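Model the full assembly from the supplied sequences, consistent with the hints where possible.
Take the sequence shown: its position 351, counting from 1, is numbered 351 in this note's numbering, and each next residue is one higher.
Since the hints were derived computationally from the structure, they do not count as laboratory data. Watch out, some of these pointers could steer you wrong.
As the list claims (entries may be wrong) - Each computed PhoX-like pair below joins lysine-lysine, with the alpha-carbon atoms no more than 20 Å apart:
| id | residue 1 | residue 2 |
| --- | --- | --- |
| 1 | 425 | 318 |
| 2 | 470 | 556 |
| 3 | 191 | 235 |
| 4 | 318 | 119 |
| 5 | 318 | 375 |
| 6 | 220 | 180 |
| 7 | 270 | 191 |
| 8 | 311 | 270 |
| 9 | 147 | 191 |
| 10 | 220 | 270 |
| 11 | 119 | 142 |
| 12 | 556 | 528 |
| 13 | 375 | 424 |
| 14 | 375 | 425 |
What the hints assert, rightly or not - FRET-style restraints, in silico, Cβ to Cβ:
| id | residue 1 | residue 2 | range |
| --- | --- | --- | --- |
| 15 | 295 | 271 | 48 to 58 Å |
| 16 | 541 | 290 | 35 to 45 Å |
| 17 | 271 | 385 | 43 to 53 Å |
Note that the coordinates shown come from a computational prediction; the quantities given were computed from them, not determined experimentally. All residues carry an ideal CB built from backbone N, CA and C; glycine is no exception.
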Amino acid sequence: MKKLTLLCVCFLFGALVYAQEDPYIKENDTTKLEEVILIGQRKLSNYRQEKTLSSIDDYLEKSNRITMIKRGNYAWEPTMNNMASQRLVVTIDGMQIFGACTDTMDPITSYVDVSNLDKVSVDSGQEGTENGHCVGGGIDLKMPSSKFYGTGLKTSVDLGYETNGNYRSAGLDLEYTGNKFYINADGIFRKSDNYDAGGHNEVLYSQFQKYNLSLQGGYKLSENHVLDANIIYDKATDVGYPALPMDVSLAEALITSLTHTYINDSTRIKSWESKLYFNTITHIMDDSKRPDVPIRMDMPGWSDTYGFYTKATLKENKHSLLINLNGFYNRSLAEMTMYPNDSNQPAMFMYTWPDIRTLYTGIYVKDAFALSEDKTISASARFGYHNNTIAEEVGLESLQIFYPDLTDSKTRFLMSFSTDYQIKKDNYDATFGVGYGERAPSVSEGYGFFLYNSFDNFDYIGNPNLENEKALEVNAATNFYLNRFKIGLETSYFYLMDYIIGDIDSDLSAMTIGANGVKIYNSLSNAKIFDVYLNSEYKLSDAFSVNGTIGYNYGKGSNDEYLPFIKPFSYLAEINYSRNLFNAALQLSGNGNQTNYSNFYGENETASFAILNLNLGNIFYLKENKLVLKYGIENILDTNYSTYADWNNISQQGRNFYINASFVIN
1 MKKLTLLCVC FLFGALVYAQ EDPYIKENDT TKLEEVILIG QRKLSNYRQE KTLSSIDDYL
61 EKSNRITMIK RGNYAWEPTM NNMASQRLVV TIDGMQIFGA CTDTMDPITS YVDVSNLDKV
121 SVDSGQEGTE NGHCVGGGID LKMPSSKFYG TGLKTSVDLG YETNGNYRSA GLDLEYTGNK
181 FYINADGIFR KSDNYDAGGH NEVLYSQFQK YNLSLQGGYK LSENHVLDAN IIYDKATDVG
241 YPALPMDVSL AEALITSLTH TYINDSTRIK SWESKLYFNT ITHIMDDSKR PDVPIRMDMP
301 GWSDTYGFYT KATLKENKHS LLINLNGFYN RSLAEMTMYP NDSNQPAMFM YTWPDIRTLY
361 TGIYVKDAFA LSEDKTISAS ARFGYHNNTI AEEVGLESLQ IFYPDLTDSK TRFLMSFSTD
421 YQIKKDNYDA TFGVGYGERA PSVSEGYGFF LYNSFDNFDY IGNPNLENEK ALEVNAATNF
481 YLNRFKIGLE TSYFYLMDYI IGDIDSDLSA MTIGANGVKI YNSLSNAKIF DVYLNSEYKL
541 SDAFSVNGTI GYNYGKGSND EYLPFIKPFS YLAEINYSRN LFNAALQLSG NGNQTNYSNF
601 YGENETASFA ILNLNLGNIF YLKENKLVLK YGIENILDTN YSTYADWNNI SQQGRNFYIN
661 ASFVIN
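Here it is as structure tokens:
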């Protein structure tokens, strides 16, 4: 393992692939993800999609700054800049949507699929505040824009199979486009049995089944005005979470929106987009398939969100202005019912989220001023009104046990600012930015009631009196281009104030059998998070290129404890071969030994690892149609490993052979 690590580091210093456009994937494939816009506005195309039916989770992990927390084989939780989802703003086409699980088993990314989306925007720190307040960054899962091609009916069919877990996937896309009207319908189905870790060790309760259906239509009212409607229905059943004590029998979402778009290049207002939306989520945890549990539990949760936004882009002389006014109303409710093994004892019931109603409205403004053809300075600001109300009287009374003076409503005012300077030359580009941001506590942090965290084995209680979490941020990135060679550096530093995290209360007794005790959400005076990545690419020829990246991350709180889920030294090295009808890539990736871990937050040392992957692709033209094959081997050496982000050290997949076939009918 150490030799592999040394080989990788010596091989090259690294960079995330500065991907080329994929000649194998076009917009009418089931995989519609055209790009991920990373920090520095670099693009990641489908060329890095080893499988046409890759999940959103796999796709997001291609970014340097994003790591997925894995509790099983499904619904991974995205983190950015070493900050978990409560410190990010994750939206679907600008729409706010909130999970219904108190254990974060249903991140927003789990309720869409690649068939729903066109691209993913990833913005670090305060650059991610266009759609809401955050301290870590923003992820916007963007749906396709209006299509009026006048090309008639198009169809694509996708099939995939993987040997590890007997994983099956299938997708179908139907699209009709006219000059004034279009409609697109697609569906995708995924099913997996338990997967095997390295060494053919079966990981129990890692199965899942999911299907996703979407319908999108649009009508051109006039040359400049378009009306679009979108519906997404996503349902997952029989989802196992091997790293947790409970599984999920149902995770279901309905996401709807109606959008009006105005576009006119000849006026001062270049575009104006307004959207009304509604989404509802039902999430049911249960342990009915687990043997010998101390006490049976059902834990359903619900989340409903109504919202809007209206945003306009304006250009005047050297100014490019973006204004976004948005708002939402969310209802989050979760329950827990415990059934004693003794049938003579009554079931016990409580609210874990006591019907929290959140009302938010805010405005975002960004101005980019062109100092010259190659220099731009930008400034942005967001101001917001945020109110929480406890609608369930029983839940309010439960929290008043710990906070006697608690009222049923709390109002906060939030703000964020950022500015950056960009320069682009023929042989280099550079960006430098600073920012300040705030966020309100999440529903769990503010109002959770005896939420069990299996990572550190504590019950958690929310704290409605928490201050807004605040962050000061400095970031920089630069790239140099020397003929066929490119090298880049990107780094950021966050100084977080009133950093929200659990604190042990020795006076309270745990409700969960076997738990170590109770933690109440509290605030550290400050915490510091730093990351740096060195990227490189060298094109050996028009067909061959080598790429790689190395990264270092660090995080510590004012209590002198390392922060949890801080990425250790990491690396990736890849050699690519690409021609018109064939491509291949050999990839080595891994992490170093996690030495800066915190027992205080339930972490332990994670060993270093390295995995080797091989992926290949072919394209075959059949008259006007085409067949695309993508196939390969993941974890070729069948390494048994877990990463720092694998909940309770759950082992990742061992060797896996896969093949994806896409048939596109024009």
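Consistency of the hints with the structure:
no. : hint                   : verdict
1   : 425 to 318             : holds, 19 Å
2   : 470 to 556             : holds, 16 Å
3   : 191 to 235             : holds, 12 Å
4   : 318 to 119             : violated, 28 Å
5   : 318 to 375             : holds, 11 Å
6   : 220 to 180             : holds, 5 Å
7   : 270 to 191             : violated, 44 Å
8   : 311 to 270             : holds, 11 Å
9   : 147 to 191             : violated, 31 Å
10  : 220 to 270             : holds, 17 Å
11  : 119 to 142             : holds, 5 Å
12  : 556 to 528             : holds, 5 Å
13  : 375 to 424             : holds, 7 Å
14  : 375 to 425             : holds, 9 Å
15  : 295 to 271: 48 to 58 Å : holds, 56 Å
16  : 541 to 290: 35 to 45 Å : violated, 55 Å
17  : 271 to 385: 43 to 53 Å : violated, 26 Å
Hints 4, 7, 9, 16 and 17, counting from the list given before, are not met by this structure.
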